[in-house]
Amino acid sequence: THMFPIQAETFALVAAGADVIGRARTGQGKTLAFALPIVEKLAAAAPRRDRGRLPRVLVMCPTRELAKQVAGEFEGIDPSISTATVYGGSSVEMQRRALKAGVDVVVGTPGRIIDLIE
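According to the UniProt record's numbering, the stretch in the sequence shown is residues 1 to 118, in order.
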């Protein structure tokens, strides 16, 4: 298969750890443009399953719908990567428990992420 332009132009940069700002139309693969190299990096690292471990990836999304979608992409790429989705309008206590259990990737909205940090 082939990569969309946004993916081809950003894959190596994201894999190298660079900060990237990209723009593309809906359906052009923006989520996979950053998720694939991140998952590749996580898969290459020694697996961590210790309880209470800190997340290795934090993805902020402007809306809960997008946060759910992005988390679903991470889970679909590699189900062995533990992902927590955090956003307002749902139980903060359940989200705290998930984070305390230890996850690899946290996807959430800015407001809830700030709430959980504080």
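What the hints contain is simulated information worked out from the structure, not anything from laboratory work.
Errors might be hidden in some of the hints.
[What the hints assert, rightly or not] Once the Cα atoms are required to be at most 27 Å apart in a straight line, the calculated DSS-like pairs of lysine-lysine come out as:
no. : residue 1 : residue 2
1   : Lys68     : Lys30
2   : Lys100    : Lys68
3   : Lys100    : Lys41
4   : Lys41     : Lys68
5   : Lys30     : Lys41
All values reported here derive from a predicted model rather than from experimental measurement.
Has the given pair, Lys100 with Lys68, been kept, meaning a C-alpha gap of at most 27 Å? holds, 20 Å
If you draw a straight line from the CA of Lys41 to the CA of Lys68, is it 27 Å or shorter? Roughly 22 Å between the alpha carbons, so the hint for Lys41 and Lys68 holds.
Is Lys100 close enough to Lys41, meaning Cα to Cα at most 27 Å? OK: Lys100 and Lys41 at ~23 Å, within 27 Å.
For a C-alpha distance cap of 27 Å, please report whether Lys68 and Lys30 respect it. Measuring from Cα to Cα gives roughly 15 Å; hence the hint holds.
Hinted pair, alpha-carbon criterion (27 Å max): Lys30, Lys41. Please report holds or violated. Given pair Lys30, Lys41 holds - Cα atoms ~18 Å apart, limit 27 Å.
Against the hints set out earlier in the document, no violation occurs for any number.
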